[in-house]
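Asks: Sequence:
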Amino acid sequence: MTASEYQSQMVPFAMELANRISLRLEHHNSLTSFEIEDIEQELLTYVLERASQFDPAKGSIEAFVTQMMRTAAASLIRGSNRRRSNPPPGRVVDSLSKMVEGPDRKSEELNRGLTSSDGTRRRQTEPRDPFRDVELADAVEHQINTLPRRYRRIARLLRTHNQNEIANKLGLSKRKVSQVLAGIREHFASVDWSESGFFWDVVSPNCIASSGEDNVFQTTQESNMEKSA
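Number 51 in my numbering belongs to position 51 of the sequence shown; there are no gaps in the numbering.
Watch out, some of these pointers could steer you wrong.
[Unchecked claim] Below, a list of computed lysine to any residue pairs in the SDA-like style, where the Cα atoms sit at most 25 Å apart: (1) 176 / 150; (2) 169 / 190; (3) 169 / 181; (4) 176 / 156; (5) 174 / 153; (6) 176 / 190.
[As the list claims (entries may be wrong)] Pairwise CB distance ranges, derived in the manner of DEER restraints: (7) 164 / 53: 51 to 61 Å; (8) 79 / 52: 18 to 28 Å; (9) 145 / 53: 28 to 38 Å; (10) 171 / 63: 42 to 52 Å.
Hints in this document: simulated from the structure, not taken from any laboratory. Here a beta-carbon is modelled for each residue, glycine too, at the ideal position from N, C-alpha and C.
Generate the whole structure from the sequences, applying the supplied hints.
Replies: As structure tokens, this is what we get:
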């Protein structure tokens with residue numbers, strides 16, 4: 001099979017993955033000046049330009065595209081950091097993510113040594129991996145879809161609403177919402193997080209997470225949850 005044929009096979013998966021990753025990278029502090037469409041195009045172009053490097057003996061097309069896109073994302077962030085740490089003459093840094101017109105002098109003096117990792121180091125936090133975010137988002141959605149139907153809306157509302165807000169929005173009593181949340185917590189806590197690196201103590205504040213493995217309620221559990229809803 002030729003490189004162009006491999007490239008054609010890569011396009012559907014690459015487009016889908018580029019879209020999902022760009023949604024995560026859009027909020028990266030190094031890429032705030034980028035439009036989401038630009039990020040998506042950069043990722044997709046990087047991968048497709050390297051289609052000739054694909055070797056089916058070393059793995060699947062999906063694995064190749066994922067690795068190439070990971071490299072593309074890292075390269076995009078590094079390039080953005082370099083431009084921010086050394087802006088063109090006549091421009092100064094108004095913030096770590098924005099450059100504005102300034103006097104004709106070396107503007108790098110205003111932000112020398114500051115990169116996205118600097119903020120991470122000072123906050124003593126680990127940098128977020130956009131691919132990890134996508135994996136977790138997919139796992140969350142998978143696990144929500146294994147809930148009884150009437151529980152799913154409340155599970156999704158948990159991402160943006162607290163218990164009182166959910167009760168008001170759906171016209172339910174706080175007691176009823178509390179019962180539903182207990183069932184949702186039980187459902188998500190039943191997953192073996194260690195198999196895929198998701199740990200309950202990390203994701204439990206959202207009450208939503210998944211190992212990504214198929215995890216369907218037993219009939220008796222689902223029946224009990226449906227009755228209480």
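Asks: For each hint, tell me whether it holds in the structure or not.
Replies: We went through each hint and held it up to the structure:
Distance hint between residue 176 and residue 150 is fulfilled; the C-alpha atoms sit about 12 Å from each other, no more than 25 Å. Only pairs whose Cα atoms come within 25 Å are accepted, and residue 169 paired with residue 190 is rejected, the gap being roughly 28 Å. Of the supplied pair hints, the one linking residue 169 and residue 181 holds, its CA atoms being roughly 15 Å apart against a limit of 25 Å. Taking the CA atoms of residue 176 and residue 156, the gap is near 16 Å; set against the 25 Å cutoff, the hint holds.
Restraint check for residue 174 and residue 153: satisfied, since their Cα atoms lie roughly 16 Å apart, inside the 25 Å limit. A hinted pair counts as satisfied when its Cα atoms are at most 25 Å apart, and residue 176 with residue 190 qualifies at roughly 22 Å. A beta carbon spacing of about 53 Å between residue 164 and residue 53 agrees with the range 51 to 61 Å that was offered as a hint. Checking the proposed 18 to 28 Å range against residue 79 and residue 52 shows it holds: the Cβ atoms sit about 23 Å from each other.
A hinted range of 28 to 38 Å holds for the C-beta pair residue 145 and residue 53, which are about 36 Å apart. Residue 171 and residue 63 have their C-beta atoms about 47 Å apart, which keeps the hinted 42 to 52 Å range intact.
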